[in-house]
Amino acid sequence: MSEFNNKRQNSYIVKNALLETGFAREESANGSFIHATTTALQNVSIENGKITRVWSGDIRAERSEVIDAKGYLMLPAFKDMHVHLDKTLYGLPWQAVSSRRKTIYDMIAYEQQIIPALLKTSTHRAEQLIGLMQSYGTTFARTHFNIEPTSGFRSLENLQKALENVKDRFDADLVAFPQHGVFYTDSAALLTEAAKLDSVRFIGGVDPYGVDRAIEKVLDLTVGLALDNDKGIDIHLHDSGKEGLDTVEYLIRKVEENPSLKGKTFISHAFVLGRLDAKVLSGVAERLAEARIGIVSSIPFAGLVMPIPVLTRHGVQVFAGNDNIQDHWSTFGSGSMLQKVHLMAQLYGWTSEYDLSRAMKFATGNILPLSDEGVRIWPAAGDLAEFVLVEASCSAETVARISPVKAFVHKGNISWTADL
Amino acid sequence: MVKKADKYSPAGLSRKAFIKNAAWTLVGTAIAPTLLKARAADVSGLGSCHNSGDSRRYILKNVRLETGFEYKEGEVVATRTGLFCVEIQGKKILSVKHNEPDATAVDAEGRLMLPAFRDMHIHLDKTFYGDKWQAVRRLPGGVKGMIQLEQEILPDMLKNSAYKAGKLIELLQSKGSAFARSHVNIEPTSKLLSLRHLQAALDNKKQSFGAELVAFPQHGVFYTDTAPYMREAAKAGIDFIGGVDPYTVDGAIERTMDFTVGLALEFDKGIDIHLHETGDSGLRTVDYLIKKVEENPKLKGKTYLSHCFCLARLDQAKQQDIALRLAAAQIGIVSTIPFGGLIMPIPTLLKHKVKVMTGNDSIIDHWSTFGTGSVLEKAHLAAQLYGKRTEFDLSRMLALATAGRTPLNDKGVRIWPAAGDPSDFILMDASCSAEAVARISPVKSLYYQGYKVF
Chain A
12 MSEFNNKRQN
22 SYIVKNALLE
32 TGFAREESAN
42 GSFIHATTTA
52 LQNVSIENGK
62 ITRVWSGDIR
72 AERSEVIDAK
82 GYLMLPAFKD
92 MHVHLDKTLY
102 GLPWQAVSSR
112 RKTIYDMIAY
122 EQQIIPALLK
132 TSTHRAEQLI
142 GLMQSYGTTF
152 ARTHFNIEPT
162 SGFRSLENLQ
172 KALENVKDRF
182 DADLVAFPQH
192 GVFYTDSAAL
202 LTEAAKLDSV
212 RFIGGVDPYG
222 VDRAIEKVLD
232 LTVGLALDND
242 KGIDIHLHDS
252 GKEGLDTVEY
262 LIRKVEENPS
272 LKGKTFISHA
282 FVLGRLDAKV
292 LSGVAERLAE
302 ARIGIVSSIP
312 FAGLVMPIPV
322 LTRHGVQVFA
332 GNDNIQDHWS
342 TFGSGSMLQK
352 VHLMAQLYGW
362 TSEYDLSRAM
372 KFATGNILPL
382 SDEGVRIWPA
392 AGDLAEFVLV
402 EASCSAETVA
412 RISPVKAFVH
422 KGNISWTADL
Chain B
200 MVKKADKYSP
210 AGLSRKAFIK
220 NAAWTLVGTA
230 IAPTLLKARA
240 ADVSGLGSCH
250 NSGDSRRYIL
260 KNVRLETGFE
270 YKEGEVVATR
280 TGLFCVEIQG
290 KKILSVKHNE
300 PDATAVDAEG
310 RLMLPAFRDM
320 HIHLDKTFYG
330 DKWQAVRRLP
340 GGVKGMIQLE
350 QEILPDMLKN
360 SAYKAGKLIE
370 LLQSKGSAFA
380 RSHVNIEPTS
390 KLLSLRHLQA
400 ALDNKKQSFG
410 AELVAFPQHG
420 VFYTDTAPYM
430 REAAKAGIDF
440 IGGVDPYTVD
450 GAIERTMDFT
460 VGLALEFDKG
470 IDIHLHETGD
480 SGLRTVDYLI
490 KKVEENPKLK
500 GKTYLSHCFC
510 LARLDQAKQQ
520 DIALRLAAAQ
530 IGIVSTIPFG
540 GLIMPIPTLL
550 KHKVKVMTGN
560 DSIIDHWSTF
570 GTGSVLEKAH
580 LAAQLYGKRT
590 EFDLSRMLAL
600 ATAGRTPLND
610 KGVRIWPAAG
620 DPSDFILMDA
630 SCSAEAVARI
640 SPVKSLYYQG
650 YKVF
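Protein sequences appear in the order of chains A and B.
For the first sequence, the working numbering begins at 12 and goes up steadily by one.
For the second sequence, the working numbering begins at 200 and goes up steadily by one.
So that you can see chain B by itself, here it is in the shape it has in the complex:
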């Protein structure tokens, strides 16, 4: 057998070239990763120092912003835009003013400014990305078979996990994401090493990428002896207490959920549970979590269910009922937008004001090799899947890529960017949000906390 590595050495292909493997934009528009390294240098010379905390202050001119909807006979037929000057100070947007084409400023060249994308469910710590190709192997034994596989392969994967996390972050950045909620394995095999490596990778990127971390007991809280490590992780700089299928993995919903909720309350963390169970146990887990959040109102707004496939199996009345209860408890749903066998009732959830966010989950790993790294592609997928084809409907789908932010509200009033908003944004080759979603328009620039990433 000829080794796969043959591809790389004679061809002289660099890792940089490998990064672009996942590019799904037009060939040639994929952002050269070298550009990702160019940061604040481009903008630091502009503007003068002020006395506020962050002295980085500059203006972007010729920035295209959405200003409203154009209606014809009651239907939104187009999105209006205009060119503006946007003033940035450090991590904040200072002002949005009328355009001055002749100003000494960074020229956005008429590109559309949108909120930077946010990947709200990903495993940055555990990926083959940046390593050689390998397809998924079907293993018997379901999730427990996968746990066994992880126990075998994680020690090896951990050896360069900080490096691969860095590469994966660059992929996400090239697709317009400036932020991720990453789950990070906490179990007896990795102990806290997966977390430490990811924290090191994130520290390297701290001027170009933000993240919040979920301590993820991938091998069960009790199925493997993970509970002590979860406690330790809760004190080690994570933001959410995670979990996975309490019934399937640990054999008991209440015991695991009580542990999770208890830890979140004790350490003042959020909760984000992977719930793949489709049957009654899934629904009982949802019910129990809602009850716990109702009992502990401080968990409202920071408790999430990832995947939550059981909602897809319910009839519409029951879906509506659960959606109302999730909304009341301010429990959000994070979905990778599955299609084919199972379709999540995302329009129903949104209709009842449940916070819905999306993420890539696996980019390329032993669970799946299909992730592109783009949450805009997820919004596009959702638009196709749920028949959101019109100007208005497409523009609303952008919220999935941005974890909720849209330039215009439903009535067509500009609500972003506004003075005081975080200076995390992208510049795109697109005329409006609707086009960006429908055509998966290329991301030309990414800014994080006012720093130009590329």
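Chain A on its own, in the form it takes in the complex:
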């Protein structure tokens, strides 16, 4: 992994930052189309973790410290919206997954067996994993942490230590994740306790039918904890078929009944949406958008393809994440959000300048430099100083070519490679 140098700074100017300024259109026999992104080199002033000014012109009269972006492209920093930082084998000797563990219950039994040992080094490994993600420009993650009788609160505590150690360069929202079922193992009391913690932002869950065989009972508890403690919800839902759809519909109903959950309720994976016919899907997507329930996807492509273009067309908030980087569930995660959006561009056929440029939003948690109309909306004075510098000419190139990240900035603190 690359070496990034870190610096805490309150006030400085980034000069020679390449910023997107608009789309360039070309007239052809088939009408006008966007064939390029226009850019300009500008200065960006940063104070106390915020962008205070985006400007052109001579910086020599300025008193602030100046960092030369050397013409690298400035983009919003990347956000990994579904990852398990607490439970990784990254940094440990290579270990493939086994074909012998087939069901979720096999996996729960296996976790009960290995977690005590994993917890001994989980703080260090979480930091290593964060380091990997940061080398790819990620400064924020929504991370699930195991809460079940085997881990108790230790997975959370170890993760919090790791996050404390990297707080100058990385931030995370925590989801209390009853990986072993709320009732299949005796996790309800632990989840209830976790829900009271300030550090926990979301109440998690996994396959209320697939694990607990009790959709309503599990969701009632989840929704109740979220309401009582003013938290969001983020449920893993792999269940397909009738039970999967029942789970989605029940959650929509609960959010409709409790409007305070709107905008902070999410379904991760939601594979069932990839199995619906177009008409049913369209109806569900409309209701998800209405209830402001978001979908978080790791962008599967083997066998099942998520209807992400349909969801976004209906106004559903869609986020992406790596999920497993290297653990006992999967060893395939790269840790890079750019790699995810590159995958999406290939999977969904986003090949034009415009489509590639729009794809970037799945890496940044839906922040884009240009609006759909090509007006610059980022960076602006008042925006958080959360950005990356990449070796590319525009967002479209960055997505298509998975361009290398040269620096990342979190809360104004800059980390950069030797090249910058």
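Since the hints were made in silico from the structure, they are not lab data.
Check before you lean on any hint, since a few could be wrong.
[To be verified] Keeping only pairs whose Cα atoms sit at most 25 Å apart, straight-line, the calculated DSS-like set for lysine-lysine is:
{"hint": "1", "chain 1": "A", "residue 1": "LYS113", "chain 2": "B", "residue 2": "LYS271"}
{"hint": "2", "chain 1": "B", "residue 1": "LYS366", "chain 2": "A", "residue 2": "LYS113"}
{"hint": "3", "chain 1": "A", "residue 1": "LYS228", "chain 2": "A", "residue 2": "LYS275"}
{"hint": "4", "chain 1": "B", "residue 1": "LYS554", "chain 2": "B", "residue 2": "LYS490"}
{"hint": "5", "chain 1": "B", "residue 1": "LYS291", "chain 2": "B", "residue 2": "LYS271"}
{"hint": "6", "chain 1": "B", "residue 1": "LYS550", "chain 2": "A", "residue 2": "LYS113"}
{"hint": "7", "chain 1": "A", "residue 1": "LYS253", "chain 2": "A", "residue 2": "LYS207"}
{"hint": "8", "chain 1": "B", "residue 1": "LYS331", "chain 2": "A", "residue 2": "LYS372"}
{"hint": "9", "chain 1": "B", "residue 1": "LYS343", "chain 2": "B", "residue 2": "LYS390"}
{"hint": "10", "chain 1": "B", "residue 1": "LYS610", "chain 2": "B", "residue 2": "LYS554"}
{"hint": "11", "chain 1": "B", "residue 1": "LYS587", "chain 2": "B", "residue 2": "LYS550"}
{"hint": "12", "chain 1": "B", "residue 1": "LYS366", "chain 2": "B", "residue 2": "LYS390"}
{"hint": "13", "chain 1": "A", "residue 1": "LYS26", "chain 2": "B", "residue 2": "LYS343"}
Quick caveat, the model's predicted, so the values are computed rather than measured.
Position chain B against the provided structure of chain A, taking the given hints into account.
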């Protein structure tokens, strides 16, 4: 509009930096292209001169080699490795011996040695790589619209095509490839110029990269008047007679295939046809080619279908049937491992012993801008796509990146490297093939014909 070039001049970014644009390894592990220039110098001083043809002889020590599988209750749970000394003489591996940590030798520092990668389908002659970014433009008219576009842009692209081919080769090398099968445009617009430029680029890299060339009538054999140029190309140092969608482009399967097969037989070349057609015409082309190879057994083992999307549209019984016939005719399939809309039945092909190889195809050009240059990433993609997640299955996927070579056979017996094998290999930061495929481990060194590329 501000020109894209603004990025380069004020920033002082060199072309070298641009090369790394495509890097998909961890930031900072991308190989500095300057290192690519360091070649035999590092190793030429080692070992002494012998009387055999190639005097370059040296030893690598602390080389990690796979030695077998570790089983638990019938399942492969790990790959065993050990450290060895590997003796190289010129283009060959001379011997594999027990490790001598104190030997005067090149120190591999415990890194895993794997066969060098081979990109078996790429267009080195026709790329934007090394030039400024430009997305794909959707054009009406399908492949014929694209032919028209090429007729317009190729004269310009040819101006620096040797330079760009060189840059692209460096990208492939940085990802561990020492060899490519490159298609090269042969049509009335380029005539033989695309071939000449690529041959010049390859000549510049002859001590670090190998290639075989496919004369590729991108604009049809008859749709444009390409047949005479194909004959000329067949005499100009190419290895395969290529083709593209005979039915769609030329309007006739038999006429084009007869020409292709005839040329291959006359000049003793192989065949490698791009076949994107998904419907009946695709299948009829496959059938016809199998028939022709059966009639002309000397084409066995050197005839290939690239893409061959029509296989993905068949039911399983038919897939199996075609796989058996392809295997019997020793016709290989070269696939870029498409995913999403169309998924190739690669596991079925492999099961029936069809030779399957992969390549990047387009790296960045007017057809696609998504190629990374890594065939290890292709093997990784295949592993995900086909659910090859276990130690054993992952280790088998390596064969896609190496065009067939794996250190261990299916039974876990070491079959590579052996005395007499070509001295084309890489050293990786990985503990075994399975990890290399799953994690797309960084390539630390590449050797081609015994020369150290980096």
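Comparing the hints with the structure gives:
1. A/LYS113 to B/LYS271: Cα-Cα ~17 Å, so holds.
2. B/LYS366 to A/LYS113: violated, 46 Å
3. A/LYS228 to A/LYS275: Holds, at roughly 21 Å.
4. B/LYS554 to B/LYS490: holds, 18 Å
5. B/LYS291 to B/LYS271: Violated, at roughly 36 Å.
6. B/LYS550 to A/LYS113: holds, 23 Å
7. A/LYS253 to A/LYS207: Roughly 33 Å separates the two Cα atoms, so the pair is violated.
8. B/LYS331 to A/LYS372: Since the Cα atoms of B/LYS331 and A/LYS372 sit roughly 23 Å apart, the hinted pair holds (cutoff 25 Å).
9. B/LYS343 to B/LYS390: With Cα atoms ~18 Å apart, B/LYS343 and B/LYS390 stay inside 25 Å; holds.
10. B/LYS610 to B/LYS554: holds, 19 Å
11. B/LYS587 to B/LYS550: Holds, at roughly 14 Å.
12. B/LYS366 to B/LYS390: This hinted pair holds, its Cα atoms lying about 23 Å apart.
13. A/LYS26 to B/LYS343: Violated, at roughly 47 Å.
Against the hints set out earlier in the document, violations occur for numbers 2, 5, 7, 13.
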